[in-house]
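Residue numbers (our numbering), protein chains in the order written: chain H, -11 to 352; chain V, -11 to 352.
Think of the hints as simulated: they come from the structure by calculation, not from any bench. Cβ atoms here follow ideal geometry from the backbone N, Cα and C, with glycine treated the same way. Hints are supplied without guarantee of correctness; some may be wrong.
Just a few of them, taken from the derived set where beta-carbon distance is under 8 Å, the chain H residues facing chain V [said to hold, decoys possible]:
#1 GLN179
#2 GLY260
#3 ASN264
Straight-line distance between alpha carbons at most 27 Å, and here's what the computed DSS-like set of lysine-lysine pairs gives [stated by the list, open to error]:
#4 LYS316/H - LYS246/V
#5 LYS247/V - LYS316/H
#6 LYS121/V - LYS227/V
#7 LYS271/V - LYS249/V
#8 LYS271/H - LYS247/H
#9 LYS23/V - LYS246/H
#10 LYS33/H - LYS121/H
#11 LYS249/V - LYS271/H
#12 LYS38/H - LYS23/H
#13 LYS316/H - LYS249/V
#14 LYS316/V - LYS247/H
#15 LYS33/H - LYS23/H
#16 LYS247/V - LYS186/V
#17 LYS249/H - LYS271/H
#18 LYS246/H - LYS271/V
#19 LYS227/H - LYS121/H
#20 LYS249/H - LYS33/V
#21 LYS23/V - LYS38/V
#22 LYS249/H - LYS23/V
#23 LYS23/V - LYS33/V
#24 LYS271/V - LYS247/H
#25 LYS227/V - LYS271/H
#26 LYS271/V - LYS227/V
#27 LYS23/V - LYS271/H
#28 LYS121/V - LYS186/V
#29 LYS227/H - LYS186/H
#30 LYS316/H - LYS271/H
#31 LYS227/V - LYS249/V
2 protein chains.
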Amino acid sequence: MNLTEFLGASPGASREGPHDRIVLSSRVRLARNVKGLAFPGWAKKPERVKALELIRPQVEGLPQMTGAYSGSMDALTALERQILVERHLISREHAARSVGSGLVLSRDHSLCVMINEEDHLRMQSLRRGLQLKAAWQAVDEVDTQLEERLEYAFSRELGYLTACPTNLGTGIRVSAMLHLPALVLAEQMNQVITAVNKLGLAVRGLYGEGTEALGNVFQVSNQMTLGEGEAEIVERLNKVVAQLIEHEENARATLLEKKPKMVFNHVGRAYGILANAHSISSKEAMNLLSLMRLGIDLDCFPGSQRPLLDELFTATQPAHLQRQHTEKLSADERDLLRADMLRAQLGPVARPVMPPPPATPDAK
Amino acid sequence: MNLTEFLGASPGASREGPHDRIVLSSRVRLARNVKGLAFPGWAKKPERVKALELIRPQVEGLPQMTGAYSGSMDALTALERQILVERHLISREHAARSVGSGLVLSRDHSLCVMINEEDHLRMQSLRRGLQLKAAWQAVDEVDTQLEERLEYAFSRELGYLTACPTNLGTGIRVSAMLHLPALVLAEQMNQVITAVNKLGLAVRGLYGEGTEALGNVFQVSNQMTLGEGEAEIVERLNKVVAQLIEHEENARATLLEKKPKMVFNHVGRAYGILANAHSISSKEAMNLLSLMRLGIDLDCFPGSQRPLLDELFTATQPAHLQRQHTEKLSADERDLLRADMLRAQLGPVARPVMPPPPATPDAK
């Protein structure tokens, strides 16, 4: 089965999870290397190929990987690699790799092991909503089982050795993808980023390091991997995310109280454009889908529309649009097809209504 | 009856006319002065009051003015004056005048005589669509009848004397208000303006001299009033307007053929925003109403919606919004009320459809 067939046939990850109004996904990834093999960035091609041949069967053999997709990166088309990036299953860096790098992706897409990315092993667990602990437990099990099959590069003093010192020690990166439109509308996001940075956490855009916060989506993750246990890191991030949820909820409540028309103006215009445009860029679509998603959270649209919105976030990305067509599309052509898809999907959605102000207890 | 009651009770001008897809209105105005009286800009207040007292009864006495509104400018509220400007019935300059200036407005609003504007008499005839000749004939009759009752300042060599030399001679200004969205979208409007200027005609914005071309509406008028007969001027403008209609129709056909998606993108977005925004400025509303009106002309919406659109062009203007409220509205408050009106009126209009390409004769 090639990857396109695999992605088409597999059920994919669950579309629901705790706090998924604000937390789109939780992710934990571990970086590991095999003792005695050169790091991928240093190794020559034959060494990388040898390392891949050694590691891949061990990953494939894990019980969690029953029915998984497994392949070398050079077996994937550029389009397939881009689709994996748009689904946040592999890094942009890994998508650029070829012979000597590989990928094992579990049947439900919740576990993904990149082989010969920056490190020999980058294992990640991805969950819907706020499920950092569950994500960590899942990837921890993979790690424990692989450690029985492969000898990791490990130092008693430094912990797990990694290609880049920023991952040294636990090799863990815990992150949550947050939808924070009200903090952006209330112009509080820069403050929030500064505060989160002071806690030693990083705030990044939609596709990780150095990317833009499209669609009001921000990724919060730990910076340090040394001097703190994995459980502590997960717990710390969990607390900060809980605070960010509260900040976003407060910002929504305040906006609704002080500037309801401003909020509904954004939501209404977003819907109006998405449901009626005949050409729309990926960036504009994401930003408007974000505002429409906020409208769902604020009861301007029925909550039953949320899965559709979330699906459109991904389905309107360039590679996802391209895969439905045989001929290579230009950016302009994609803008037309994206608008066609959005009109078809959102046109039937009823126009937003401004919900009445919350009833007081007496009025009930 | 005060002006507000008069405007509410009167049937108003017809909403249909020849070529009204593109020509919104035709207007002819004549500037005249009474011999022996100082020009209004030179006259002292008592002289202006005296001139008004002399002239107004003569205008009121015309058979065309049966059932007309007649009043001194100081009897009008600032809001009423602004409403007259928004309906193109009086000039901005006249709206700023007070004691010693007056106005006589026919029952159907098609004839309006300003007294002591820049000249003693500014008589204008306003018609829907392309009706320059009819408009001229109507105002010419008023002029002929008034000339029997008042002695005009006239020179055998120079013709009718006027306060500003640009009106000297015939004192005529013939103008048409054109809706030219396709020429704007095709970025041909600057070329057109240059060409029209070379013919000795002026192209101005929505509210005349020195105003912006909001809503893709342009006013074309003669520049010269000397050395050419009134009928010739009307005929020349008529020909140029006919050419502009053809240019606009060609631009529409070309856009539909070469860039249909671009056109429908503009039309769809305009509708989407108008029908769903909760705050919108006058300027944005005019520009979007213009694009939606183009959509009606292109059969994206039923033609039965055109009168509604044309009404909204005026009804969303600041003074028209204000008159529905007793308390003084701020610009921000008007933006909210304007959006409320547009959502209520345009929300029930079905979403635009892209019409099929024109059928070839064989396909019929």
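CA of LYS271/V to CA of LYS227/V, is that 27 Å or under? violated, 31 Å
Given the hinted pair LYS249/V and LYS271/H, is their alpha-carbon gap at most 27 Å? Holds, at about 19 Å.
Assess, step by step, whether the Cα of LYS227/V is no farther than 27 Å from the Cα of LYS271/H, and give holds or violated. Violated - the C-alpha atoms of LYS271/H and LYS227/V are around 47 Å apart, more than 27 Å.
Restraint check for LYS249/H with LYS33/V, where alpha carbons must lie at most 27 Å apart: Given pair LYS249/H, LYS33/V is violated - Cα atoms ~48 Å apart, limit 27 Å.
Would you check the hint for LYS38/H and LYS23/H, treating anything up to 27 Å between C-alpha atoms as holding? Distance of about 14 Å is within 27 Å: holds.
Measure nothing beyond the straight line between the CA atoms of LYS247/V and LYS316/H; if it is 27 Å or shorter, mark the hint as holding. holds, 21 Å
Distance restraint between LYS271/V and LYS249/V, which requires alpha-carbon spacing of 27 Å or less: The given pair, whose Cα atoms are some 24 Å apart, holds under the 27 Å limit.
Is LYS33/H within 27 Å of LYS23/H, Cα to Cα? Holds - the C-alpha atoms of LYS23/H and LYS33/H are around 18 Å apart, at most 27 Å.
Verify the proposed pairing of LYS316/V with LYS247/H, using a straight-line Cα cut of 27 Å. holds, 21 Å
Given the hinted pair LYS249/H and LYS271/H, is their alpha-carbon gap at most 27 Å? holds, 24 Å
Is LYS271/V close enough to LYS247/H, meaning Cα to Cα at most 27 Å? holds, 22 Å
Measure nothing beyond the straight line between the CA atoms of LYS121/V and LYS186/V; if it is 27 Å or shorter, mark the hint as holding. Holds, at about 23 Å.
In summary, the numbered hints that this structure violates are 1, 9, 10, 16, 20, 22, 25, 26, 27, 31.
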